[in-house]
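With these hints in hand, go ahead and build the complete structure from the sequences.
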Amino acid sequence: MSEIRFPEFLPSLENTRYPFVPTASLSNGNVSFLEGTFLDAHIYAIGGTDRYYISRVEVSSNQFVIVIGDSVTATRLTGTVSIPIVDSVVRLVDTNLRSGGVLVSESSRLALLAGWGIGTYTFERTQSEFCVTCQMPIPDPGVTSFKLEDGNVFSGQVWWVGDDGVVLSAETATDKNGESYDVVRVDVVGDPLFLERLCKPQSLFKPIMPIRKIRIINRDNIHDCIPNEQGNFNLQMNDALAADAALRVRTTSEGIVIEVAGSTPTV
Amino acid sequence: MAIRNNHWYNLNEQHYYPLDDTASSISDAGDLMPEALISDLRLRWPVTFGKYAFISAAAVTPYLVTVLIEATDDLDNNPSSSVLLAGVTLPKASLTVGRTYTLTAFQPGVGGYIVIGSGIDQIYSGKFSTPRQSLLTPRAARYSRRPPVPTIAVENAATALKNLVNLVAIPPLYLSTESREIDGVTYDNVIVFRLAQETTSSLTTTTTESVFAQFAGPCGRRVGSKTCPDPQPIQSINGVVADCDGMITLDFRGCALVGRNISDCGVVIDCELGLADTCNPPYLPNLTTGELPSESPPVVIHPPVPPQPPVIPDFSISESMTTLLSLPYCDTFDDAVAHGFSALGDSLFSFISDDSPAELFCCDGPPPGSSEGNYGCHDVSISASVSVSESLSYSVSQSVSYSMSHSLSYSISHGTNKYVHRYRVNGKIKYPEIASSYGTIAANAQSRTNISLFTLDAQSLYRVFTSDVKIVDGQAGSAKNAGLIMNYQINSYGAPNYVVALLDLDTSIFGVYFFNGLNLLSLASVAVTGVKVNDWYRIQLSAVPDPITHTSVKLVASLNGVTDPTISVTTNTNLASSAWNSDAANSGFYARRSKSYFSYWRIDEVTP
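From first to last, the protein sequence lines stand for chains A and B. First residue of the first sequence: 1, per our numbering; consecutive thereafter. First residue of the second sequence: 1, per our numbering; consecutive thereafter.
The hints are simulated quantities; they were obtained by calculation from the structure and are not laboratory data. Keep in mind the model is a prediction, meaning the values are calculated, not measured. Hints are supplied without guarantee of correctness; some may be wrong.
Derived EDC-like pairs (lysine to aspartate or glutamate); straight-line CA-CA distance at most 16 Å [to be verified]:
#1 A:LYS176 x B:GLU178
#2 A:LYS213 x B:ASP243
#3 A:LYS147 x B:GLU178
#4 B:LYS226 x A:ASP187
#5 A:LYS206 x B:GLU178
#6 A:LYS213 x B:ASP73
On the chain B side, residues computed to face chain A include the following (Cβ under 10 Å) [as the list claims (entries may be wrong)]:
#7 LEU32
#8 THR151
#9 SER176
#10 SER236
Note that CB positions come from ideal geometry on N, CA and C, so glycine has one too.
Spelled out as structure tokens, the structure:
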């Protein structure tokens with residue numbers, strides 16, 4: 001019988017408990033994982049700790065869910081496999097649906113779990129703990145994601161965009177140790193032209209045409225006046241035609257009064 | 001039975017895993033590290049501590065198992081710059097072979113796991129100074145880059161956030177998830193920061209209370225957003241907005257003479273109207289005579305002595321019988337009474353001893369006894385001054401016929417009013433010796449618009465009004481005009497509307513105007529040459545429904561010179577029924593800041 005002397009990685013571990021530890025029983029006394037159900041595993045849960053294991057398997061009519069726990073929680077990651085099974089890789093996600101690892105298998109191997117029947121099957125760590133080499137420690141993940149109040153979680157490449165009345169800008173600042181750090185500056189500045197911006201459809205907005213020039217017509221004389229350097233336009237009276245001119249042009253606190261003075265108002 | 005495939009841990013105990021194949025596994029003392037000491041290992045550390053992680057020390061004593069891991073950037077670690085990353089010390093008594101133990105991190109960002117193998121049965125102690133001796137294989141130990149966003153914090157805050165960061169916005173700031181195209185690429189992972197008006201207040205929020213205006217601050221106010229403080233900027237004048245060039249036009253008319261300041265393009269308005277034109281005469285003594293104003297005798301035009309009424313048969317059907325105004329009607333004012341005239345407001349009308357040489361027209365009419373009647377002038381030959389009172393001079397039936405057919409609304413008492421004041425002597429008509437005209441004679445009258453309405457007739461339609469007018473020089477600055485008014489009425493806005501046929505000597509224009517409550521609008525006008533002061537002119541103004549359109553009133557005005565018979569112009573126009581409004585309106589005299597005489601007042605019926 002021929003034999004492959006230097007098999008590939010996965011074949012070399014076939015028929016072993018890998019990716020579980022060799023001491024894992026792979027059985028909870030009710031159902032059992034067969035050796036080779038999973039060919040390999042790679043677990044890198046954000047915020048996870050250590051000693052990952054399959055804490056339970058939830059089988060329903062149209063799918064089964066593999067739940068991965070760690071030394072802190074029994075529900076760190078989940079992987080969902082739809083029935084009928086077509087996937088060979090179970091993608092693990094955390095509670096915020098962020099990627100947390102993969103379980104490598106084959107659809108025919110995964111069919112074993114579907115065959116357990118509908119129900120929830122719980123396992124202890126000693127029964128289904130993964131090898132250390134399958135666990136990727138993430139000691140300092142930094143800021144992994146942003147979560148909004150509506151529950152949406154943003155990870156990976158995330159854009160912050162300032163819209164109506166908000167301006168976002170990036171700056172660089174220096175801390176007290178002299179080290180520079182990036183700053184996202186959020187300026188809530190309002191919008192002076194918000195009426196036009198919010199007018200929908202925008203064509204409904206009618207811009208105001210300010211009075212910039214005054215055209216003076218007096219019989220056949222026409223001339224245009226613009227404000228002086230101070231933006232002022234002067235309107236005055238003169239007494240050249242009548243020494244005791246009855247015309248009055250005066251400025252009050254409420255505006256300009258143009259009147260003909262006298263005690264005999266006309267009809 | 002042979003084992004065909006060993007488990008991963010068993011395989012690792014059969015060689016120097018997790019050491020790299022290039023590592024010698026020989027300690028500084030020359031001892032070979034046991035192969036089965038470590039079954040499995042996973043380590044991650046920041047590359048800032050070094051690219052090569054290696055086991056720097058391993059010891060197996062009767063009681064303890066210790067493994068230390070360092071990192072350096074030099075495989076020879078020369079000079080020694082390695083940094084201790086992590087390690088584990090486990091008491092043998094509690095150690096379980098094949099169990100996962102967490103490495104103790106000695107540097108931030110370092111973490112890992114280790115599985116101790118069956119090699120702990122062999123007492124061993126070894127130190128490794130360089131990665132070349134005990135370099136960890138990349139499968140077991142990988143360095144990591146600094147996280148792209150290690151922490152996030154509010155500036156100057158003591159607490160820095162990492163891992164999953166919750167973003168919470170407090171209204172009016174809102175966060176939302178959207179897709180945006182950025183640099184031509186559509187991204188779904190977009191968090192949009194925006195201000196928004198709270199829904200509960202959006203219906204009642206004014207522009208100045210808008211959240212956008214609040215945050216824009218006092219310098220963010222814009223005319224277009226209506227956020228400028230009160231008073232709001234003027235956008236239009238009487239509904240007239242500036243054109244797209246921002247220009248608005250001011251048109252100065254009338255007495256205004258507008259000049260322009262060269263320095264700043266300002267406007268200087270001048271008007272020849274002085275205070276003497278707009279104020280009552282000062283209540284001061286006459287400097288020539290020394291008389292006090294109260295001592296100055298008023299100018300009184302005495303009315304003629306009323307003649308004895310003729311004795312006529314009493315044919316009245318009732319002592320209380322009233323009669324209605326019959327046409328034609330004429331009042332020569334020679335009795336210094338303007339019968340039925342009422343000066344409007346503070347209009348000033350008085351009498352002056354002057355008359356048109358053609359006042360005879362007032363009593364002209366068809367020959368006595370003709371079918372057309374006598375135009376209200378009795379053909380009674382009397383040898384003495386006998387008042388021909390017009391009390392029911394016509395037959396009752398004729399009077400009633402007139403009144404009914406023309407809807408005259410006024411009635412007068414029998415025998416108490418004179419319609420025509422004239423006398424006939426020896427078959428020829430003579431007039432009172434005191435010629436008198438009605439007009440705006442007083443100086444004060446020349447500083448205002450004067451209107452005197454004839455209140456005995458409340459209809460202008462189917463009427464032709466006639467008077468001879470004379471315009472004389474008045475006070476300095478006064479105007480020179482005279483005219484006949486018809487259809488004077490107050491519109492629904494409380495403003496007067498009327499039609500006036502006006503002769504203006506200042507402009508030498510005779511025309512028909514409509515006063516809309518604010519301005520005189522020219523309906524038709526014609527320039528007249530040769531008109532001048534102190535001449536008498538006859539003005540006639542008639543109104544009949546337009547025979548063609550029936551939706552407007554046809555106005556005909558004529559001007560004929562009495563002093564200068566060569567002057568004769570006629571103009572006509574139509575006035576919309578909406579402007580004409582009701583037929584129930586008065587007629588009368590008009591003079592605007594002018595000293596003008598009206599010799600008589602005649603009303604005739606006119607047919608379309």
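Which hint numbers doesn't this structure obey? Hint check: 1, 4, 5, 6, 7 fail, others pass.
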